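Q: Per full-length UniProt numbering, residue 1 is the first one in the sequence shown, and the count goes up by one each step.
Calculated from the structure, these hints are not laboratory results. These figures come from a predicted structure and were not determined experimentally. Each residue gets a CB set at the ideal place from its N, CA and C atoms; glycine is no exception. Careful, some of the hints might be misleading.
[Unchecked claim] Keeping only pairs whose Cα atoms sit at most 25 Å apart, straight-line, the calculated SDA-like set for lysine to any residue is:
hint : residue 1 : residue 2
1    : K230      : S185
2    : K124      : I226
3    : K179      : L47
4    : K227      : Y208
5    : K234      : K280
6    : K9        : Y26
7    : K9        : K234
8    : K178      : K280
9    : K246      : Q96
10   : K271      : S176
11   : K46       : K238
12   : K44       : K279
13   : K279      : Q308
14   : K157      : S185
15   : K230      : S176
16   : K271      : E61
17   : K178      : K162
18   : K9        : N216
[Stated by the list, open to error] DEER-style ranges, computed between Cβ atoms:
hint : residue 1 : residue 2 : range
19   : S307      : K46       : 48 to 58 Å
20   : L7        : D313      : 39 to 49 Å
21   : K238      : D213      : 34 to 44 Å
22   : D55       : S307      : 48 to 58 Å
23   : L7        : L35       : 39 to 49 Å
24   : R95       : K46       : 16 to 26 Å
25   : G24       : N281      : 14 to 24 Å
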Amino acid sequence: MNFEIYLHKIKHFVNARAEIHTFGEYEYLQREPGLFLFSFLNEKGKLCSLSRWLDFLPEGEFNNVMTRENLTDDEIYALELFLSRLGYLFQIDNRQRIDKDIFILYYLKQLVSLKNSNIPNKLKSQNFFLRFLCFELGMDYDSYSLFHINEEGVCLKTKNRKSIPIIYLLDVFYTSLKKEKYKDSAAKIKRFQMNTVSLLAERDNKDYTLPFDDVNVSLVEPNLFIKVFKRPSKNVCKVLTECFDKYQSTINLLVSNFILMNYSYYIISKKPSKLLVLKKNIDDEVFSKILSTIVYRGVFVDRRKISQLGIDDYINLPERSSHKLFNLIYAV
């Protein structure tokens with residue numbers, strides 16, 4: 001279900017007038033015009049935001065159970081915060097389109113695809129995207145640095161017990177809740193949290209290719225992207241050039257952004273000199289747009305290493321205050 005919710009979030013990112021859907025016992029609560037919080041329907045028929053999950057469970061119980069699991073106060077706080085941010089992960093904000101939105105969509109997509117992939121240094125990439133996803137969701141460094149992904153899924157680093165899977169901690173907590181009055185809410189919160197944590201890192205061998213009508217959409221997937229972009233070719237140049245087609249639909253534009261972010265992370269961040277190879281095989285104007293887009297984002301690559309290549313003259317950055325990432329392709 002949770003991947004369908006992710007696709008629904010994308011639908012609203014590219015179409016602000018799309019219809020709001022429900023997902024069984026989960027619905028969207030309109031907090032203010034254009035802002036919809038992902039919520040569950042409690043036994044009284046009231047919508048409860050999943051980002052405020054602790055408000056609907058016995059006060060202090062989570063702290064007590066996690067203390068018995070030998071977690072420190074800082075670790076308990078980090079876990080509470082992480083679980084609340086899972087609710088923010090699927091909220092819909094039609095009031096604006098900003099850098100944070102597309103980063104969240106991209107990081108989540110890479111995590112979902114990477115868990116079933118076999119690319120080199122897979123865990124390193126998974127943990128990179130997890131950290132930046134937590135950052136974009138508003139977590140502080142001290143908190144998100146306690147989370148990592150290993151063969152057991154998303155885990156919490158602890159002082160007393162080393163690494164503990166989040167799935168295990170959730171199961172311990174919800175199993176401990178005995179009061180009948182919280183049974184319905186607890187079951188719905190648990191299902192959402194367990195499914196979302198599993199979506200992030202639990203290998204399931206499902207196909208998570210985006211179901212979009214775009215001939216390049218398969219290149220959003222890390223396995224295929226790395227295979228195709230391993231060495232320059234006419235097809236690579238064609239795909240990168242198409243990322244700047246001014247007649248793109250909003251879905252095409254989203255796919256183009258994801259492909260360019262893949263190129264930045266999987267290719268250029270590993271070996272910036274690949275830009276020089278690309279420059280020899282592509283039109284100068286398009287090369288300038290690609291380079292400007294990579295530098296504008298400023299997340300995956302080291303600007304100093306790019307400057308050392310002697311290609312700064314091709315960088316044409318728009319003012320950050322006047323252009324947002326989703327519109328960048330039209331701006332450079």
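Q: None of the hints should be skipped; say for each whether it holds.
A: Going through the hints against the structure:
no.	hint	in the structure
1	K230 / S185	violated (49 Å)
2	K124 / I226	holds (15 Å)
3	K179 / L47	holds (21 Å)
4	K227 / Y208	holds (18 Å)
5	K234 / K280	holds (12 Å)
6	K9 / Y26	holds (14 Å)
7	K9 / K234	violated (34 Å)
8	K178 / K280	violated (67 Å)
9	K246 / Q96	holds (21 Å)
10	K271 / S176	violated (50 Å)
11	K46 / K238	violated (51 Å)
12	K44 / K279	violated (62 Å)
13	K279 / Q308	holds (15 Å)
14	K157 / S185	violated (28 Å)
15	K230 / S176	violated (50 Å)
16	K271 / E61	violated (49 Å)
17	K178 / K162	violated (28 Å)
18	K9 / N216	holds (21 Å)
19	S307 / K46: 48 to 58 Å	holds (56 Å)
20	L7 / D313: 39 to 49 Å	holds (41 Å)
21	K238 / D213: 34 to 44 Å	violated (18 Å)
22	D55 / S307: 48 to 58 Å	holds (50 Å)
23	L7 / L35: 39 to 49 Å	violated (20 Å)
24	R95 / K46: 16 to 26 Å	holds (24 Å)
25	G24 / N281: 14 to 24 Å	violated (50 Å)
The structure fails hints 1, 7, 8, 10, 11, 12, 14, 15, 16, 17, 21, 23 and 25 (numbered hints given earlier, in ascending order).
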